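K.L.:
Hints given; two lone chains; assemble the complex.
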Amino acid sequence: MNPAKAPRIELRGVAKTFGGGRPGEVRALGGIDLAIAPGEFVSVEGPSGCGKTTLLNLLGLIDVPTRGELTWDGRPIGNRSERERTRLRLSGVGFIFQRFYLLSTLTARENVELPMRAARVPSADRRARADALLASVGLTPRAEAYPHQLSGGEEQRVAVARALANRPGILLADEPTGELDSANTEAILDLLVRVRGETGATLLVVTHNPKVAQRADRHLQMRDGRVVADDGGR
Amino acid sequence: MRWRARAPLRHHRLQTILTVAAIATAVSLPVVLLSVGGGVFQHELAQLQNAGYEIVVSASGVHAVDQSHSLAASIDRVGSVTAASPVLSFALDAFVGPGGGAQPVLVEGVIPQAFEATEGPTERSVLPSPLPLGDPTDLVHYRGGSYRGVASWDVMVSTPFMQSSGSGTGTSLILSPDSNRSGGVAFNVTGVFGVPPTTLGPTAAYAMVVPLSDLQVLAGLGAARTSGDPPLDAADTIEVALDGAAAADPSQIDRAASEIQGLVPFYGVTSLTQEAQHLQEANSVLTGFYLALSSVALAVGLIFLALVLVRRVESERKSIGIQRAMGVPGRFIASGIVRTGLLLSGGGAVVGVGAGIILVRLLQVYGSPEVQAAANLAVFDPRTLILLGAGVVGLSSLASALASRTALRLSIPEALR
Numbered sequence: 001m002n003p004a005k006a007p008r009i010e011l012r013g014v015a016k017t018f019g020g021g022r023p024g025e026v027r028a029l030g031g032i033d034l035a036i037a038p039g040e041f042v043s044v045e046g047p048s049g050c051g052k053t054t055l056l057n058l059l060g061l062i063d064v065p066t067r068g069e070l071t072w073d074g075r076p077i078g079n080r081s082e083r084e085r086t087r088l089r090l091s092g093v094g095f096i097f098q099r100f101y102l103l104s105t106l107t108a109r110e111n112v113e114l115p116m117r118a119a120r121v122p123s124a125d126r127r128a129r130a131d132a133l134l135a136s137v138g139l140t141p142r143a144e145a146y147p148h149q150l151s152g153g154e155e156q157r158v159a160v161a162r163a164l165a166n167r168p169g170i171l172l173a174d175e176p177t178g179e180l181d182s183a184n185t186e187a188i189l190d191l192l193v194r195v196r197g198e199t200g201a202t203l204l205v206v207t208h209n210p211k212v213a214q215r216a217d218r219h220l221q222m223r224d225g226r227v228v229a230d231d232g233g234r
Numbered sequence: 235m236r237w238r239a240r241a242p243l244r245h246h247r248l249q250t251i252l253t254v255a256a257i258a259t260a261v262s263l264p265v266v267l268l269s270v271g272g273g274v275f276q277h278e279l280a281q282l283q284n285a286g287y288e289i290v291v292s293a294s295g296v297h298a299v300d301q302s303h304s305l306a307a308s309i310d311r312v313g314s315v316t317a318a319s320p321v322l323s324f325a326l327d328a329f330v331g332p333g334g335g336a337q338p339v340l341v342e343g344v345i346p347q348a349f350e351a352t353e354g355p356t357e358r359s360v361l362p363s364p365l366p367l368g369d370p371t372d373l374v375h376y377r378g379g380s381y382r383g384v385a386s387w388d389v390m391v392s393t394p395f396m397q398s399s400g401s402g403t404g405t406s407l408i409l410s411p412d413s414n415r416s417g418g419v420a421f422n423v424t425g426v427f428g429v430p431p432t433t434l435g436p437t438a439a440y441a442m443v444v445p446l447s448d449l450q451v452l453a454g455l456g457a458a459r460t461s462g463d464p465p466l467d468a469a470d471t472i473e474v475a476l477d478g479a480a481a482a483d484p485s486q487i488d489r490a491a492s493e494i495q496g497l498v499p500f501y502g503v504t505s506l507t508q509e510a511q512h513l514q515e516a517n518s519v520l521t522g523f524y525l526a527l528s529s530v531a532l533a534v535g536l537i538f539l540a541l542v543l544v545r546r547v548e549s550e551r552k553s554i555g556i557q558r559a560m561g562v563p564g565r566f567i568a569s570g571i572v573r574t575g576l577l578l579s580g581g582g583a584v585v586g587v588g589a590g591i592i593l594v595r596l597l598q599v600y601g602s603p604e605v606q607a608a609a610n611l612a613v614f615d616p617r618t619l620i621l622l623g624a625g626v627v628g629l630s631s632l633a634s635a636l637a638s639r640t641a642l643r644l645s646i647p648e649a650l651r
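Protein sequence lines correspond, in order, to chains A and B. If you're matching positions, the first sequence starts at 1 in the working numbering and goes up one per residue. If you're matching positions, the second sequence starts at 235 in the working numbering and goes up one per residue.
It should be emphasised that the hints constitute simulated quantities derived from the structure, not laboratory data. Misleading hints may appear alongside valid ones.
Partial list, computed: chain A residues near chain B (C-beta under 7 Å) [to be verified]:
hint : residue
1    : Phe18
2    : Asn57
3    : Asp63
4    : Thr86
5    : Arg89
6    : Phe95
7    : Leu103
From the structure, some residues in chain A lie toward chain B, with a derived Cβ separation under 8 Å [what the hints assert, rightly or not]:
hint : residue
8    : Ile62
9    : Arg87
10   : Leu90
11   : Val93
12   : Tyr101
13   : Leu114
14   : Ala118
15   : Gly178
Just so it is clear, the structure is predicted and the values come from calculations on it, not from any experiment. Glycine included, every Cβ here is placed at the ideal spot set by N, Cα and C.
Next up, chain B with everything else stripped away, as it sits in the complex (with noise of 0.2 Å):
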């Protein structure tokens, strides 16, 4: 029987599919933002999660963290710690070949065996086990206030540099503060390292692994102040990894940051549950925002529908008229519109949702390669699309009441004149 809603839809086709886009549009803005938004959150919680150490040391500005191997020795000997590893990173010109140029690269700074207990799952997929890096006490040739006697400084190169430079296991290089060849300082490569596929991050966030106070020396962070002193030893951080019980308790990973402060009251400590704390913290605002710039999407498609259910109204009024004469009640007219309504924003909803994914397959094609990142972490959870999808329906029903309202309030005689 006809007075189903679908009859005045299929009466009034080109309103209809109007509203129907209006709505979906409406929707897929939200749909795109917290898919994507989402996607983004959950990788970045990933990342803090599988980073292989719980805890970082930082300097706040631009200092260093200062006497960083000390400190991690001592960091070390706190309850649950099984291992702070100092890094340090600087930029480098790399000289390969005889008449090589310079190439500007990025080397990290790290004690072997101690990063190698801090890796993350990625790390460990991409760099050799043991790291083929010599000297793995690192600050053994500091002595009296320089560095002496170091035969031969190793250096893993990446495989992207690997196959652009040429270079490779065997060969040598030279890594110079400046773009003077002279002074830097050889180095034997003595390993290779893949460069893990990174999102949203710089790719090949490092070009070269060196012993941490190799790089020191090239860098300037490891000479003594004066002659006698122990030697300035700068890292930018130290990661601290707990162990397996610890690592998976927030309560204890707060203690042992705690227990860090106190050696290193001048620094910043910092847990990657704090971290990930933050960025839920975060994510909850920008879901906030998304959720209030699709809320206007969504108040100006419900505008829309609430203007034609009371156009509707409006054009059909005879016919509710008559209705109201033969002794229809309110509420059977009222359901009538309020089921429009639905078939419109129901119908709205579910384009919309089935656009916003298309949008985000389409933005994972085409965008530009930032955007296609995000896309591709898209992350389309069925109950925040089903709850987005009954928001709507719901907040139609809005709209459905206003037009139920004008037509319960059509006087009769008037309608039928």
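Isolated chain A, as found in the complex (with noise of 0.2 Å):
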């Protein structure tokens, strides 16, 4: 599988409302205006229920917006079928989760194949990549250990293969580090940083943990919905 180009993502109006038109109805992104060149390193901080899982929802194409429009390189891509959107997913959008995610039947080396698996990678050149893979993340040693063998730490590593498993050009975290302690979250950013560096990729973490945060080339503010602080990189 070729790397997936990093797209530039634009976010015009977007806005994202859940239970619309019922009683108790909430909006958790209130019209986001944001442009992501391709290969930002982005971080997004912002109290809890500011809307930052939600516009990384939307960003991965996990979710779709209730309003706006959100483009890769110029083509609106938002509200395309639930099989167009996996299947970008799938090719081009690599998630990191604050809980891993690890899925507890398959071993290290299973998971990092997955996805591969999922994009019908011929099953040698799958074994090949996942055994690379786990090999830049320091864990060749734990290939064949299921997840409730692993430390937090080699988890979030197995989970960071796993992201990169197809080569998306985008790489979206939620709290990657969340559940870590300081040597394991360095460890981690610093594989992070490391992955960007040599593939080019996108790269949007959502965080509370300013140091995290202070590795990024630019910093996003939101609150209520809203994006209410950008550096645009500077």
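P.N.:
Below, the structure written as structure tokens:
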């Protein structure tokens, strides 16, 4: 599988409402205008419930905006069919979650292989790439271990390897160090920065941790479903 | 690699065992019903096909076939008929030895030559040939309204009767229409016949065989109504055998039956091909009933499977959400659920077929005599068993489809929350 080219991402007036039209409707995002250049490292900060994860879900095509337009390289993609968005996610987006979310019935290697299997990568290529990715995150000896046999730091490194499996152009990380100690936090950040440097992927990290945010080139602040501060990478 | 469907089965071992057990229970019921029911049907059909005759003339209700000798002679003249044999069964009391008490026996009255010509293979194997009954012309003693000059009446006794009574060839016994020995007639035992092994029928259907007219006299069914009239000459049925070519051709059997019906318009004429057809129809109805009954069990098993699969989807919603977030296509996730469903239902079908076969074997050994007899006839038709298993596995795809739909309708953000 060839590496996906990191696209230029643009959001124009993107809003997201849950339970629309019903009492108790929640407006998670209230009209966001944002452009992210290919290869940028962007941090998103803000209090809980300000819409960070919703923004991440929209950028990762997990969810669709209620209003507004999301484009990749000028092509509207936010409202494409579920099947198309699934295909784009598989080939173009890598997710890293706070709680790692490895599949408990699969070994570390199998977890890394999973996205490649879904993308129909031949078995031998799949295994070779999984081994290479595990080696790059320093987990070759732990390839056959199940998630419950790994430490938190190791689990997150497997999750990073899995996110990189299909060579995505966009890496989206939701509190990737939220459950790690400071040593592991540094290790994971170093890994993400290295990966971004090697692949040229766009990296967007949602975090509460100022140390994580400091490593980013560009910093977004969110409040009440809006981007209230954007240093533009300066 | 563990994303084969077996991994979740191992992780939910008790659930897996219970599901397989539920489906196996649902499958074993039709296996037992269809194999035993099919076996009984085939047995009954074989009985009909090996009867030795193709057409039966009978009277409706309690009336007997009147003038059976002359009717049989008329039927004999129908083209393709090789023999017409009137048969009368009657319960009499037998007295063996001077001080012996009355023993109730079922006696069959036959015209020896005609009866031999309509014997089926089973009867032929247990009855001597020729039948050692004198009086081959049977009605020869009837003159002027009564039977006269009968010096010796012959009787054949069955092996069980011979053993229980101590009688045998060369001995004599008295047969009486009631428990009064003095109202009876002395018979010489001229032969012994074996009793064919029977299944699902009365054993030792008759204990003795005598010439038809002798039985008619004893039973009061051979007496003249008024002096000078021909005797009543009653029989229960007239069994009609056709020649080889006609016997194998249902249309010729029907044609002969129709011709015989013309001779006996007040009696029923039934061909055994019709009987077989009726049996087939009855079997179809019964099979439908078995399948309807089984489908209830199968429906319960499959609802259970659907519940287990949906429950599994619910418990794995996070895992499914992760996969979908990563871009794993819905068909990939659905195929995993379908494979799990197929493994569970396939396992259940295999275990169920095995359990059904074992259950039938147990019934053969531990059932009541009637159940044992039926179970011994069970036929395990591989085609039926394969179709049953395939049907279960096919239906399980519905349960899997329901669970897959649940999985694919999960909201990813909610599943990840």
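K.L.:
Quick check on A:Ala118 please, does its C-beta sit within 8 Å of some C-beta on chain B?
P.N.:
Since the shortest Cβ distance to chain B is 4 Å, the answer is holds.
K.L.:
If you take the shortest Cβ to Cβ gap from A:Leu103 to chain B, is it below 7 Å?
P.N.:
Given a least distance of 5 Å, the restraint on A:Leu103 holds.
K.L.:
Quick check on the hint: A:Phe95 CB to chain B CB, less than 7 Å?
P.N.:
holds, 5 Å
K.L.:
Should the interface hint for A:Thr86 be scored as holding, given a Cβ-Cβ cut-off of 7 Å against chain B?
P.N.:
Result: holds, 5 Å to nearest chain B Cβ.
K.L.:
Would the stated hint for A:Ile62 survive a check requiring a Cβ distance to chain B of less than 8 Å?
P.N.:
Nearest chain B Cβ about 5 Å off; hint holds.
K.L.:
Could you check if A:Val93 really has its C-beta closer than 8 Å to a C-beta on chain B?
P.N.:
Check passed: Cβ of A:Val93 comes within 7 Å of chain B, closer than 8 Å.
K.L.:
For the hint on A:Arg87, just tell me whether its beta-carbon gets within less than 8 Å of chain B.
P.N.:
Constraint on A:Arg87 satisfied, holds at 7 Å.
K.L.:
Against chain B, is A:Asp63 within 7 Å by beta-carbon distance?
P.N.:
holds, 6 Å
K.L.:
A:Leu114 was flagged as interface toward chain B. Is the shortest Cβ-Cβ separation under 8 Å?
P.N.:
holds, 7 Å
K.L.:
Can you verify the interface hint for A:Arg89: is its Cβ closer than 7 Å to any Cβ in chain B?
P.N.:
Status holds, d = 3 Å.
K.L.:
The hint names A:Phe18 as touching chain B; please verify it with the least Cβ-Cβ distance against 7 Å.
P.N.:
violated, 9 Å
K.L.:
Would the hint on A:Leu90 stand, with a C-beta cut-off of 8 Å toward chain B?
P.N.:
holds, 3 Å
In this structure, the hints that do not hold are numbers 1, 15, in rising order.
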